[in-house]
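**Q** Between the sequences and the hints, there should be enough to build the whole structure, so can you do that?
Number of protein chains: 2
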Amino acid sequence: MAEIDGARLLRDLQTLRGIGTYETGVHRPTFSAEDVEARHWFAAQLAEAGLAVEIDGIGNVIGRDPAPGRKLLIGSHLETQDHAGWLDGALGVAYGLEIARSLGGGIDVAAWADEEGHFGSFLGSRSFCGLVTEAEIDRCRNRAGLSLRDALQQAGFADRPRAMVDPARYRGYLEAHIEQGAELEDKALKIGVVTAIVGSRRWRIVFEGEQNHAGTTRMAVRKDAGVALVRFAAAIEDRFPGTASERTVWTTGNIRLEPGAPSIVPGRAEMVFQFRDTDPATLDRLTEALQGLAGEANQGPCRVTLVETGRTAPAAMDDGFQAALEAAAERRAAGQHQRMPSGAGHDAQVLAGRMRAGMLFVPSIGGISHHWAENTPDEDIVLGCRVLADAADALRVEA
Amino acid sequence: MAEIDGARLLRDLQTLRGIGTYETGVHRPTFSAEDVEARHWFAAQLAEAGLAVEIDGIGNVIGRDPAPGRKLLIGSHLETQDHAGWLDGALGVAYGLEIARSLGGGIDVAAWADEEGHFGSFLGSRSFCGLVTEAEIDRCRNRAGLSLRDALQQAGFADRPRAMVDPARYRGYLEAHIEQGAELEDKALKIGVVTAIVGSRRWRIVFEGEQNHAGTTRMAVRKDAGVALVRFAAAIEDRFPGTASERTVWTTGNIRLEPGAPSIVPGRAEMVFQFRDTDPATLDRLTEALQGLAGEANQGPCRVTLVETGRTAPAAMDDGFQAALEAAAERRAAGQHQRMPSGAGHDAQVLAGRMRAGMLFVPSIGGISHHWAENTPDEDIVLGCRVLADAADALRVEA
Numbered sequence: 001m002a003e004i005d006g007a008r009l010l011r012d013l014q015t016l017r018g019i020g021t022y023e024t025g026v027h028r029p030t031f032s033a034e035d036v037e038a039r040h041w042f043a044a045q046l047a048e049a050g051l052a053v054e055i056d057g058i059g060n061v062i063g064r065d066p067a068p069g070r071k072l073l074i075g076s077h078l079e080t081q082d083h084a085g086w087l088d089g090a091l092g093v094a095y096g097l098e099i100a101r102s103l104g105g106g107i108d109v110a111a112w113a114d115e116e117g118h119f120g121s122f123l124g125s126r127s128f129c130g131l132v133t134e135a136e137i138d139r140c141r142n143r144a145g146l147s148l149r150d151a152l153q154q155a156g157f158a159d160r161p162r163a164m165v166d167p168a169r170y171r172g173y174l175e176a177h178i179e180q181g182a183e184l185e186d187k188a189l190k191i192g193v194v195t196a197i198v199g200s201r202r203w204r205i206v207f208e209g210e211q212n213h214a215g216t217t218r219m220a221v222r223k224d225a226g227v228a229l230v231r232f233a234a235a236i237e238d239r240f241p242g243t244a245s246e247r248t249v250w251t252t253g254n255i256r257l258e259p260g261a262p263s264i265v266p267g268r269a270e271m272v273f274q275f276r277d278t279d280p281a282t283l284d285r286l287t288e289a290l291q292g293l294a295g296e297a298n299q300g301p302c303r304v305t306l307v308e309t310g311r312t313a314p315a316a317m318d319d320g321f322q323a324a325l326e327a328a329a330e331r332r333a334a335g336q337h338q339r340m341p342s343g344a345g346h347d348a349q350v351l352a353g354r355m356r357a358g359m360l361f362v363p364s365i366g367g368i369s370h371h372w373a374e375n376t377p378d379e380d381i382v383l384g385c386r387v388l389a390d391a392a393d394a395l396r397v398e399a
Numbered sequence: 400m401a402e403i404d405g406a407r408l409l410r411d412l413q414t415l416r417g418i419g420t421y422e423t424g425v426h427r428p429t430f431s432a433e434d435v436e437a438r439h440w441f442a443a444q445l446a447e448a449g450l451a452v453e454i455d456g457i458g459n460v461i462g463r464d465p466a467p468g469r470k471l472l473i474g475s476h477l478e479t480q481d482h483a484g485w486l487d488g489a490l491g492v493a494y495g496l497e498i499a500r501s502l503g504g505g506i507d508v509a510a511w512a513d514e515e516g517h518f519g520s521f522l523g524s525r526s527f528c529g530l531v532t533e534a535e536i537d538r539c540r541n542r543a544g545l546s547l548r549d550a551l552q553q554a555g556f557a558d559r560p561r562a563m564v565d566p567a568r569y570r571g572y573l574e575a576h577i578e579q580g581a582e583l584e585d586k587a588l589k590i591g592v593v594t595a596i597v598g599s600r601r602w603r604i605v606f607e608g609e610q611n612h613a614g615t616t617r618m619a620v621r622k623d624a625g626v627a628l629v630r631f632a633a634a635i636e637d638r639f640p641g642t643a644s645e646r647t648v649w650t651t652g653n654i655r656l657e658p659g660a661p662s663i664v665p666g667r668a669e670m671v672f673q674f675r676d677t678d679p680a681t682l683d684r685l686t687e688a689l690q691g692l693a694g695e696a697n698q699g700p701c702r703v704t705l706v707e708t709g710r711t712a713p714a715a716m717d718d719g720f721q722a723a724l725e726a727a728a729e730r731r732a733a734g735q736h737q738r739m740p741s742g743a744g745h746d747a748q749v750l751a752g753r754m755r756a757g758m759l760f761v762p763s764i765g766g767i768s769h770h771w772a773e774n775t776p777d778e779d780i781v782l783g784c785r786v787l788a789d790a791a792d793a794l795r796v797e798a
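As you go down the protein sequences, you meet chains A and B in turn. Sequential numbering of the first sequence, starting at 1, is according to the working numbering. Sequential numbering of the second sequence, starting at 400, is according to the working numbering.
Source of the hints: derived by calculation from the structure; they are not laboratory data. Positions of the beta carbon are idealized from the N, C-alpha and C atoms, including for glycine. Wrong hints could be hidden among the right ones.
Incomplete in silico selection of chain B near chain A, CB under 8 Å [what the hints assert, rightly or not]: (1) THR615; (2) ARG630; (3) SER768.
Derived CB-CB ranges, DEER-like [stated by the list, open to error]: (4) A:ALA220 to B:GLN698: 56 to 62 Å; (5) B:PRO658 to A:ASP284: 29 to 35 Å; (6) A:GLY117 to B:SER644: 22 to 28 Å; (7) A:GLY18 to B:ARG702: 35 to 41 Å; (8) A:GLY117 to B:GLY765: 25 to 31 Å.
**A** Put into structure tokens, the structure is as follows:
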């Protein structure tokens, strides 16, 4: 069995950590100078490993094994959230590089562009899977207002073709990622074998009442949109546990009262709400529960409107890939692994629509992620790569 | 009995409406060019009415009857909220001017600076009552960051003395104002005789939890500051009706979740909360209720802190002044008046600490205020001035 070089893997990760260092983490937003530098550096490593490399028209870095035969694709992403961690994304692409080098064949490697959504949603992997139109690219801008077209132009990727998946080429897709939660650490486990990536439904919930003077408007005649909102949000917390599954998560991420002044009864209020689960039926039940709450709230003095702002479907990981990952985990870390869903989105959920897919998690210290303090013990990083390499080794020769 | 000139009164109000016109209302923030123009115009009218006029070092316009003897002081304010109505403040000072002209003696008139709080809180009337220190003036800034010192300098008022009340001079203080609520209109009444001006307690309520990824953090381990906030705010709505009096009002004016992103469990949250009542004991009971709710909330996963950001004491209006206003109202509008508290703050609550005080309300169409659509029928404006003039006529000769 081929062995990966743990020290080389850690050196690669430290090199990436040096491109856009922020505190102990990294600030490397999509198509920033640092991100472009990281993509070129990574392309050079893939080429050195003997792969045929392209950076395509959306910024994907793809290294292809030039030998004939079906391949296993391993990938993740290179850009980071703002002022974020050194492993979110980088871990998975460094694993791909190290495994391609160590196994010596049968592996393609991809660093997908903009998984973190600075410009769009899973832009690189969706482009590769034929799910991004030129019109969508025309529309995308980052928070600073820079258009994706201009960013691609500045990065030097604008005039290149976008790579498209050839499903016949691939046996499947593997992705490793830090857990971004504390479950593995809490249970003293080393490896998570992902069963499915959750789907999400995202909402903007709008409450319309009547703006008034907070001193002169009696309680009995108020149509306070803020009160309608807090009652609604509290009712979600009371109702959802009875409808949700054990793994469902739901979050009110933002609330805005208008005009937001101390002495004015809010005439309008908005909340940003989402829920996630791996089971489409559960997502449907929660949608019905939310609509039910809105119906009840509309009996009150304010008007409540649910606006669905987005949804992603849950993506099941392939049974055979889960089995291969579990067998490798048991060999390398007996009894220190579990199957678990992914509560966060990953490129694997996009690739799963085109080929068999599997995902592996390594622990996150304290569950911290999307923050520069994000970290994983070196030995866990190396162990994760050994497990993924063993699974890849088994899967690259499978039928 | 002296009669006021209704047409002249309406012309004065229309003249003021022309200084800083915005839509059908007025934008005349404290010490803006328009506000300073309005103060000079008003001073000129008072002088023409035979009063000795000064604009003092805080911007108060004060006209004094030069004849010997005790006086009745009538006032309100000239500046407006941003993009607000033409009557809030202007009505009361125009009444003072018209009554001084009509009664021909015994009346002083004041336009207090910055009742609307662009720089401070009731700055002009509090200065007049000896409640504003030079240090407070040093600290005051408006929302644009302009210091009160610089604003006074630009207005040309900086090097003047601040006028101070001589309580021996005054029989008392009268102020008329639009209701800023819809109670008079709803009951088809023309005059409100104010019994007391509510006191208020103002709070910032802070919730501290733990910021986390909204996908990977299981519900059971979350410390969601936003959830703590909405449960707390909803509990206020459930509990306060049992503790409040019939006239108490309470308002959550603003809510902020941090960081406020759709996919991040809020680690910190804040709400701006206030309640108002005319009864100090009720304000104390509500404070205890709020503290009780905070104690209960602190049993949960997040830490709750109540920060009192300000309070004003309730101010009772003088019984004799109420009786004089009610008698005048009954004479001019039999059966079309009521006694009522003021839910909004007014300069009269400050003056009430130094002399007997009374307040009169005229209806606000639709209860609209602090908005350019604010209005009152012309006939109600004139009627209100007749009632105030009759009461002033009676009170100026009283012991």
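**Q** Hints the structure violates: just list their numbers, smallest first.
**A** 4, 6, 8
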